[in-house]
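**Q** Residue strings, one per chain:
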Amino acid sequence: MKNWYGRIACCLLISVSPAVPAAEEAELDALRQELDRLRRDYDKKIEQLENRLEPQQQDTKTPPAQPHAVPTPGRGQVTDKAFNPAISLILNGSYTDFELDPEGYFIPGFALGEETGPGEEGLSLAESELVVSANVDDKFYGAFTLALTPDNEAEIEEAYFQTLTLPWGFTLKAGRFYSGIAYLNEQHTHRWDFADTALAYRALLANQYGDDGAQLRWLAPTDLFVEFGLEALRGDSYPAAGAGDSGVGANSAFVHIGGDVGVSHSWRVGVSRLYAEAEDRESSESGPALPAAGDFTGDSEVTVVDFVWKWAPNGNPYRTNLTFQAEYLWREEDGVYSNVPAPYDAEQSGWYAQAVYQFMPRWRLGLRYDELDADDPGPAFSGTGLNPGDHTPTRSSAMLDFSNSEFSRFRLQYNRDESRPETDDQWFLQYIMSLGAHGAHQF
Amino acid sequence: MRGLFIITLLLLAAALPVRAELRVFACEPEWGALVQELGGDKVSVYTATTALQDPHRVQARPSLIARLRRAGLLVCTGAQLEIGWLPALLRRAANAAVQPGNAGYFAAADYVTMQEVPQHIDRSAGDVHPDGNPHIHTDPRNIARVAKALAERMVRLDPDHKAFYEARGVDFRARWDAAIERWERQAQRLRGVPVVTQHRSWVYLIEWLGLSEVTTLEAKPGIPPSSAHLAQVAARLEQSPAKMVIRAAYQDARPSRWLSGRAPLAEVVLPYTVGGTPEAKDLFGLFDDTVRRLQAAAR
Chain A
3 MKNWYGRIAC CLLISVSPAV PAAEEAELDA LRQELDRLRR DYDKKIEQLE
53 NRLEPQQQDT KTPPAQPHAV PTPGRGQVTD KAFNPAISLI LNGSYTDFEL
103 DPEGYFIPGF ALGEETGPGE EGLSLAESEL VVSANVDDKF YGAFTLALTP
153 DNEAEIEEAY FQTLTLPWGF TLKAGRFYSG IAYLNEQHTH RWDFADTALA
203 YRALLANQYG DDGAQLRWLA PTDLFVEFGL EALRGDSYPA AGAGDSGVGA
253 NSAFVHIGGD VGVSHSWRVG VSRLYAEAED RESSESGPAL PAAGDFTGDS
303 EVTVVDFVWK WAPNGNPYRT NLTFQAEYLW REEDGVYSNV PAPYDAEQSG
353 WYAQAVYQFM PRWRLGLRYD ELDADDPGPA FSGTGLNPGD HTPTRSSAML
403 DFSNSEFSRF RLQYNRDESR PETDDQWFLQ YIMSLGAHGA HQF
Chain B
41 MRGLFIITLL LLAAALPVRA ELRVFACEPE WGALVQELGG DKVSVYTATT
91 ALQDPHRVQA RPSLIARLRR AGLLVCTGAQ LEIGWLPALL RRAANAAVQP
141 GNAGYFAAAD YVTMQEVPQH IDRSAGDVHP DGNPHIHTDP RNIARVAKAL
191 AERMVRLDPD HKAFYEARGV DFRARWDAAI ERWERQAQRL RGVPVVTQHR
241 SWVYLIEWLG LSEVTTLEAK PGIPPSSAHL AQVAARLEQS PAKMVIRAAY
291 QDARPSRWLS GRAPLAEVVL PYTVGGTPEA KDLFGLFDDT VRRLQAAAR
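Chains A and B, in that order, are what the protein sequence lines are. According to the working numbering, the first sequence is numbered sequentially starting from 3. According to the working numbering, the second sequence is numbered sequentially starting from 41.
Because the hints were derived from the structure by calculation, they are not lab data. Check each hint, because a few of them may be wrong.
Claimed, not checked - Which stretches of chain B does chain A cover? Using the computed rule of at least three CB atoms under 8 Å from a CB of chain A, they are:
no.	region
1	97 to 106
2	214 to 220
Unchecked claim - Derived SDA-like pairs: lysine to any residue, alpha-carbon spacing no greater than 25 Å straight-line:
no.	chain 1	residue 1	chain 2	residue 2
3	A	141	B	198
4	B	321	B	225
5	B	260	A	362
6	B	260	A	170
7	B	321	A	362
8	B	260	A	361
9	B	260	A	412
10	A	141	B	203
11	B	260	A	89
12	B	321	A	267
13	B	260	A	320
14	B	188	B	203
15	B	260	A	363
16	B	260	B	196
17	B	321	A	440
18	B	260	A	343
19	B	260	B	161
20	B	260	A	265
21	A	141	B	196
22	B	82	A	316
23	B	260	A	404
24	B	260	A	267
25	B	82	B	203
26	B	82	A	224
27	B	321	A	404
28	B	321	A	224
For every residue, glycine included, the Cβ atom is placed at its ideal position computed from N, Cα and C.
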């Protein structure tokens, strides 16, 4: 309102000043008086308008009586701010209590990647995530996710652009991103239904496989959801390492198929395969008492079958809903470990199944079971962490979470973790807070 | 080599138009019904949600991505109603035609005057919509406004059937205006009737019929009503009693049922959109039934 008044005053001044020669003082005075009169008039009118608006503003709970009078903020005003990307920040922290020391965590039979394990004990901040995303222009979308670790390190989790308008159902994505293989792999930490990821992901993908590269997806023109994807990746993150093959050390292919059954059920199945070259892949494969097998150089091939089924009465998840998901990961590795004279050629696999049930608005209960299996790589590996012995790593988890709104969540989780030969009772109390832009989630 | 050949064949098959009709992906049933009214047999409409689903909370299901892939026109409410799922569909559907900014993207909220546009945007006020209250179709006059713009858009996308769409548009608007008059006549006695709503889904309906909203069961939009807040509402109703508590067919029955058991007021379930009640078969049935149910409760 004041702007408008100011603009009128300015216009008047501008239109008046150059037209008046210095001599014609009397005319100028007359104009000044006229201007003053106008100003007084407007002041009075604005005051009246403000008086009328005031009672509406005082009561914020009830809508204004004449809602049509409410202007849409931003409309008509062009500022740089209007083009700011969507920004959201995820705050994440926990209190944990473990029976066994999480330092020196190991799973017999597996060479774990770095930063894998149950996490910090006690009170700690988990990764905070800063997500910035927007349409770049009419043809591209870009997204950036920065993870800030509790040790004050910043890590680029994702930084990619993708096409929106390629013909024939193609989508190209390039940059750094979580690979489209499997189901859970693409999901950021804050979307997990449990405080920690599945054991199979921890053991075979070092929690999550993300790398630099390009991805091409093709969506079939059918009512059934059928999507094919191919990826070429740098090969610099576990299970790949060393960016082999001149920096294109990994590639993957996946197929996802999905649909609905009636209005209450929906499902998706997928088959994926990741081929990765590893050059001097470091790992913390041994328990504190075991000698390390050393760095791995060779080929790693991971095959994943995933299944997700979601139910909500009439397709309305507001009151109750159930999600069931299960994945089977199978990895073949062929190569050498630096401290072992014999070659390594063995298979390792793992699966999990979980169900999360929202039994009333805001409250969810989840159960999960994990199991791993590793080949015995032969006598040369006896005594190293790669010898599974006769132990089958398993874990059973239960969680209860409460979400005050879509943007805040508190979770209590218990794990009976038998991934090590000794049983560990693990408790997690976790919060996840999302600030800022709403963010649309994938299935 | 053979794989390449098969892929090429598949691509060719994908590129060929299967049928000449305009494929429409409607986010909500009201827009699906409107497209059907305007397009008749020249369109094939897929409606992404049902009247029993909360349009705020829909999963970006694979089936929706597949349906959006081949759509020539997307018709949604906009105003951030579908913010939790539509962007995910648009990014996955690999369909240039329906991306925002293109002719195939139609947001109904662009053609009506929004109410409850917040002056201050902060999530402490709940899941607020920065562009205003998105439940615009509960006022049939808004549907008339959208119908005009939508018919123009359909002509633009499918100029071969220009005359067809225009004729149907004129016919629909004439029937619709007559129906609005009838509903307004029928609902005259509803003016000033005090009501309680469950979610702020009815501001446009309330304004249209001149109802008077005493309070809302959701203390803040999108946050389920707590028992403490419901008790406050019940206490408030002792001072300023309401005739009825209104909720949409898709909304949780418990809060309004609890309240109607506690205070002397009728519980009214309105269809909210096409398909919400057996009577709300199309847009006309939707408002016939809405007005009838309100009248019955006000008696």
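**Q** State for each hint whether it applies.
**A** Hint by hint, here is what the structure shows:
| no. | hint | result |
| --- | --- | --- |
| 1 | 97 to 106 | holds (count 9) |
| 2 | 214 to 220 | violated (count 0) |
| 3 | A/141 with B/198 | holds, 23 Å |
| 4 | B/321 with B/225 | holds, 22 Å |
| 5 | B/260 with A/362 | holds, 18 Å |
| 6 | B/260 with A/170 | violated, 44 Å |
| 7 | B/321 with A/362 | violated, 31 Å |
| 8 | B/260 with A/361 | holds, 22 Å |
| 9 | B/260 with A/412 | holds, 20 Å |
| 10 | A/141 with B/203 | violated, 33 Å |
| 11 | B/260 with A/89 | holds, 23 Å |
| 12 | B/321 with A/267 | holds, 24 Å |
| 13 | B/260 with A/320 | holds, 16 Å |
| 14 | B/188 with B/203 | holds, 14 Å |
| 15 | B/260 with A/363 | holds, 15 Å |
| 16 | B/260 with B/196 | violated, 41 Å |
| 17 | B/321 with A/440 | violated, 33 Å |
| 18 | B/260 with A/343 | violated, 66 Å |
| 19 | B/260 with B/161 | holds, 13 Å |
| 20 | B/260 with A/265 | violated, 29 Å |
| 21 | A/141 with B/196 | holds, 21 Å |
| 22 | B/82 with A/316 | violated, 30 Å |
| 23 | B/260 with A/404 | holds, 17 Å |
| 24 | B/260 with A/267 | violated, 30 Å |
| 25 | B/82 with B/203 | holds, 12 Å |
| 26 | B/82 with A/224 | holds, 20 Å |
| 27 | B/321 with A/404 | violated, 38 Å |
| 28 | B/321 with A/224 | violated, 28 Å |
Hint compliance for this structure: hints 2, 6, 7, 10, 16, 17, 18, 20, 22, 24, 27, 28 are not met, and every other hint is.
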